[in-house]
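From just these sequences and the hints, can you work out the full model?
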Amino acid sequence: MTDYLWLRAQAPFAAYRYFQAGSYRATMPIIPPSAALGLILNIAAIEMRESVDSCVTLQIRKDIPHLCLAIGTVNFTQTVTCKLYQQLQSYPVGTSGKELKAYVHGQKYWIVPVKREILVDLDLVIGIRNPEDWLVERIQQGLAGEFNTERYGLPFAGDNNLLFDRIDLIESPPEETQWYAQMQSNDSPREGSCRLTVGIDRADNSKTTKFLYAPVSASNYPLEEAWTWTPKQPDAVKI
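Residue 188 in this note's numbering sits at position 194 of the sequence shown; the count goes up by one each step and never skips.
Quick caveat, the hints were computed from the structure, so don't treat them as lab data.
Be aware that one or more of the hints could be misleading.
Unchecked claim - Derived BS3-like pairs: lysine-lysine, alpha-carbon spacing no greater than 27 Å straight-line:
1. K77 to K204
2. K201 to K226
3. K77 to K102
4. K102 to K92
5. K95 to K109
6. K226 to K204
7. K92 to K109
This is the structure we're talking about:
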């Protein structure tokens, strides 16, 4: 078993959105552990969704690998959060705008401007602690393009319109990596603190788990507080 596996991913644009509605859609400042897990499983061509015929809302399989992950950003100051305006077209819930329905002949009739945050020049590192050998092999195969016909879509940077320029296996993280560590109850407020999703429950969002994180001083390797079991700690952990 490998002690650590490191992935570096770079994207010109990315967006990791909170569960939110309304005319302003914010993004997390970094890939959250939940999305990092999804990216890893996508690369390895491991389906994380239940059968598409089982229900309207696709659930996450109970038997997916549980991984201990660390998330960091390279050249922290170079990644910026920008805002853009878009047209949001939808079928509204309820009776709002129903008088417009007759004019569009079945088209979406509720069109409003929205403002969305987007990350520019994202450069991140994902660490996997004690990955199983079979998973390491599948990640290597996936990055070599061996699963292109099996994988669910392309690996994307949060929004499926935004793709990575490159994803590489690296020997060790760059020295300038700033890791996101979980804040403890007795910690003082920290600059850049944010809530990141760890385990997603698509049927009941109140059961989605998220923790408070903040970036720490740049270093090669993450602090212990930067490691998070995703989507949750397994019942039995192999030592």
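Tested hints:
Proximity of K77 to K204 is assessed by CA-CA distance (about 24 Å); at most 27 Å being required, the pair is judged to hold. For the hint linking K201 to K226, the alpha-carbon distance of about 12 Å falls within 27 Å, and the restraint holds. With a CA separation close to 25 Å, the supplied pair K77 and K102 stays within the 27 Å bound. Of the supplied pair hints, the one linking K102 and K92 holds, its CA atoms being roughly 11 Å apart against a limit of 27 Å.
Note on K95 and K109: the hinted pairing holds, with a Cα-Cα distance of about 25 Å set against a maximum of 27 Å. At roughly 11 Å between alpha-carbon atoms, K226 and K204 fall within 27 Å of each other, so this suggested pair holds. Restraint check: the Cα-Cα separation between K92 and K109 comes to about 24 Å, which is no more than 27 Å; the hinted pair holds.
When held up to the earlier numbered hints, the structure conflicts with none and fits them all.
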